[in-house]
Amino acid sequence: VFEREFILEEDDLEEPLWDLEMALLESDIALSVSEAIVNSVKSQLVGTRRRIGSNTGNIVEDALKNAIYDVMSANVFDLDEYVEKAEKPVHIVFIGINGTGKTTSIAKLSKRFKDQGMSVVVAAGDTFRAGAIDQLAIHADNIGVKIIKHQEQGDPAAVIYDAMQHAKAHNVDVVLSDTAGRMHTNINLMEQLKKVCRVAPPDLIIFVDEAVAGNDAVERAAQFNDAVPISGSILTKTDADSKGGAAISIAYITGKPILFLGMGQGYDDIRKFDPQWFVDQLFGE
Amino acid sequence: MVMDKLGNSLQDALKKIVKSGRIDERTVNEVVKDIQRALLQSDVNVKLVMQMSKHIKERALKEEVPSGMSPREHVIRIVYQELINIIGKSTDIPLKPQTIMMIGLQGSGKTTTTSKLARYFQRKGLKPGVVCADTFRPGAYQQLKTLCTKLNVAFYGEEGNPDAVGIVERGLKELEKNDILIVDTAGRHSLESDLITEMEEIHAVAKPDYKLLVLDGAIGQQASEQARAFNESIGISGVVISKLDGTAKGGGALSAVSETNSSIAFIGIGETPDDLERFEADRFISRLLGMGDIKSLIEKA
Ligand SMILES: Nc1nc2c(ncn2[C@@H]2O[C@H](COP(=O)(O)OP(=O)(O)OP(=O)(O)O)[C@@H](O)[C@H]2O)c(=O)[nH]1
Ligand SMILES: Nc1nc2c(ncn2[C@@H]2O[C@H](COP(=O)(O)OP(=O)(O)OP(=O)(O)O)[C@@H](O)[C@H]2O)c(=O)[nH]1
Ligand SMILES: [Mg+2]
Ligand SMILES: [Mg+2]
Numbered sequence: 001v002f003e004r005e006f007i008l009e010e011d012d013l014e015e016p017l018w019d020l021e022m023a024l025l026e027s028d029i030a031l032s033v034s035e036a037i038v039n040s041v042k043s044q045l046v047g048t049r050r051r052i053g054s055n056t057g058n059i060v061e062d063a064l065k066n067a068i069y070d071v072m073s074a075n076v077f078d079l080d081e082y083v084e085k086a087e088k089p090v091h092i093v094f095i096g097i098n099g100t101g102k103t104t105s106i107a108k109l110s111k112r113f114k115d116q117g118m119s120v121v122v123a124a125g126d127t128f129r130a131g132a133i134d135q136l137a138i139h140a141d142n143i144g145v146k147i148i149k150h151q152e153q154g155d156p157a158a159v160i161y162d163a164m165q166h167a168k169a170h171n172v173d174v175v176l177s178d179t180a181g182r183m184h185t186n187i188n189l190m191e192q193l194k195k196v197c198r199v200a201p202p203d204l205i206i207f208v209d210e211a212v213a214g215n216d217a218v219e220r221a222a223q224f225n226d227a228v229p230i231s232g233s234i235l236t237k238t239d240a241d242s243k244g245g246a247a248i249s250i251a252y253i254t255g256k257p258i259l260f261l262g263m264g265q266g267y268d269d270i271r272k273f274d275p276q277w278f279v280d281q282l283f284g285e
Numbered sequence: 286m287v288m289d290k291l292g293n294s295l296q297d298a299l300k301k302i303v304k305s306g307r308i309d310e311r312t313v314n315e316v317v318k319d320i321q322r323a324l325l326q327s328d329v330n331v332k333l334v335m336q337m338s339k340h341i342k343e344r345a346l347k348e349e350v351p352s353g354m355s356p357r358e359h360v361i362r363i364v365y366q367e368l369i370n371i372i373g374k375s376t377d378i379p380l381k382p383q384t385i386m387m388i389g390l391q392g393s394g395k396t397t398t399t400s401k402l403a404r405y406f407q408r409k410g411l412k413p414g415v416v417c418a419d420t421f422r423p424g425a426y427q428q429l430k431t432l433c434t435k436l437n438v439a440f441y442g443e444e445g446n447p448d449a450v451g452i453v454e455r456g457l458k459e460l461e462k463n464d465i466l467i468v469d470t471a472g473r474h475s476l477e478s479d480l481i482t483e484m485e486e487i488h489a490v491a492k493p494d495y496k497l498l499v500l501d502g503a504i505g506q507q508a509s510e511q512a513r514a515f516n517e518s519i520g521i522s523g524v525v526i527s528k529l530d531g532t533a534k535g536g537g538a539l540s541a542v543s544e545t546n547s548s549i550a551f552i553g554i555g556e557t558p559d560d561l562e563r564f565e566a567d568r569f570i571s572r573l574l575g576m577g578d579i580k581s582l583i584e585k586a
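Residue numbers (the working numbering), protein chains in the order written: chain S, 1 to 285; chain W, 286 to 586.
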């Protein structure tokens, strides 16, 4: 140790780490994930040498920021690039818990792809919830994309299969398949989801969850990802909860990237996920 | 299951007290820390958890352990009392003619809960009528109409008309012969000022007896802030926690009732009209703490 340096001890870190952990929890990062990140920062810092006079609080905050940036930038995946290069039709299935924003996100992305000059078909794979087919049909009509639908209570796999057949026959670029919201604990419904993915295999599976979700985000992201391996996630309703810590819980537990953020109910209220921007706003910059 | 793991860790912590035989500060700190973790993991507001745990610690150390009660029983009882203090009794909704207005964030479960409540009153022999005041979400009209048709419940809505306030005015008049009038509204959050204003206008014409805030069981730290905003705007009579059939613990609802001084009326445990249960504080607390039946735990202690 040089004269003008000191060694960071566990005791020095205790308080700043606690404060930051509380801030993470207040941003809706799940407790288990907050603890894991804080512990990794701690073991990374303990025993390192610092210049005398440097602020431990700042050192800890910087390290934490980097740790979160690493989680959020792991396996980045550019959907636009993927779709542009992939063999058409590209089939994307949207999955998640009830009411998180799957159908609305499909509407937003339909418009986005259409604006990019691609042809889009949406598949009304939620045959269960009252009004679900109407909801997607109204969106499709507003945006001007084709919808493939069957009767309410029909077999979701069959609808989605039909949409793929239609897309192949008509040289459609992108098929966005809606599915009914379901609880990860509902074994029958999770089996149904696996069946959909067998009958009409998707190129990508996108998990949709909402920014207002708390600790449960970890549990359901893990279980959906186990059932049908996801390619990435969309976090909706960030306009209601700007911190959006759930994004960190989901990215951490799945190891898959966040692709988009939903930020309102309008069709253009969707933004490509940018890890740097996300970390900056999380730390209030 | 996660819940069991948590439950065991809490129970282990409480056993530590039994082993030590008396209440010392270190043991209490350990137990309180475990309780903190359980509550935070259940999405109770961070500040509320810190405030509560401080109080629990103080009481556990200060209050004498009543004779015939183990130290462990003593601490559990304090935790339980503190939680019951916040939760209070479940919102009492009498079985008589009234108007109920449903409010809440987007996708929280208002429309589904509307159909569940209609079913609930129907089963109690009252005649419900439902008004669709969600003119915003595509398909909202069809969703509610389909649900009501299946239940044979009177329904009023005007497809394509964006004037929610007018619809409520006409709907309530049209359905006035029914006993229970339920107004379903569009989802909104505290930062959408136009929609908050619309809600206030609907409230002014509907003059509801009850305003039920529907909260997703998985809602995190936003619960207090959102509940505060809705309460400030039109007042909340009670909370319905939806989607408790998954793994969410519903701690957001605790934050919401603490923030607004209201109480919880029902819980939603599935997507069908029958998946509604009256709220039971003891079961809810057990779930929050990740313990088995809290009553029997206290009795066993
Ligand atoms: N404020 C806000 N609302 C959103 C956003 N995304 C979706 N919503 C709203 O959330 C509600 C539910 O959205 P849906 O798209 O129907 O959700 P879903 O996941 O398809 O729901 P189910 O099919 O019932 O499981 C609707 O009222 C949407 O308008 C968003 O980014 N911000
Ligand atoms: N598993 C489960 N799903 C539920 C429950 N309550 C509602 N849902 C589902 O959650 C989703 C959203 O419910 P809605 O009733 O449409 O929610 P909402 O608040 O009316 O949504 P907006 O009108 O868009 O704001 C639907 O898929 C419902 O079937 C519940 O208790 N358990
Ligand atoms: Mg949907
Ligand atoms: Mg609704």
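By construction, these hints were calculated from the structure, which means they are not laboratory data.
Please note that a few of the clues may not be correct.
List time: in silico BS3-like cross-link candidates among lysine-lysine, alpha-carbon distance up to 30 Å [said to hold, decoys possible]:
#	chain 1	residue 1	chain 2	residue 2
1	W	K462	W	K430
2	W	K458	W	K492
3	S	K194	S	K42
4	W	K339	W	K374
5	W	K332	S	K65
6	S	K114	S	K194
7	W	K318	W	K347
8	S	K65	S	K42
9	S	K168	S	K42
10	S	K42	W	K318
11	S	K146	S	K194
12	W	K381	W	K342
13	W	K347	W	K374
14	S	K65	S	K195
15	S	K85	S	K65
16	W	K458	W	K435
17	S	K42	W	K339
18	S	K88	S	K114
19	W	K374	S	K65
20	W	K430	S	K146
21	W	K318	W	K339
22	W	K492	S	K195
23	S	K42	W	K342
24	S	K88	S	K146
25	W	K492	S	K42
26	W	K430	S	K111
27	W	K430	W	K374
A short, non-exhaustive set of chain S residues, derived as facing chain W with CB atoms under 7 Å [unchecked claim]:
#	residue
28	G99
29	H139
30	V212
Where a beta carbon is used, it is the ideal one built from N, C-alpha and C, also for glycine.
Just pull the numbers of the violated hints for me, sorted ascending.
3, 9, 12, 14, 15, 19, 22, 25 and 27
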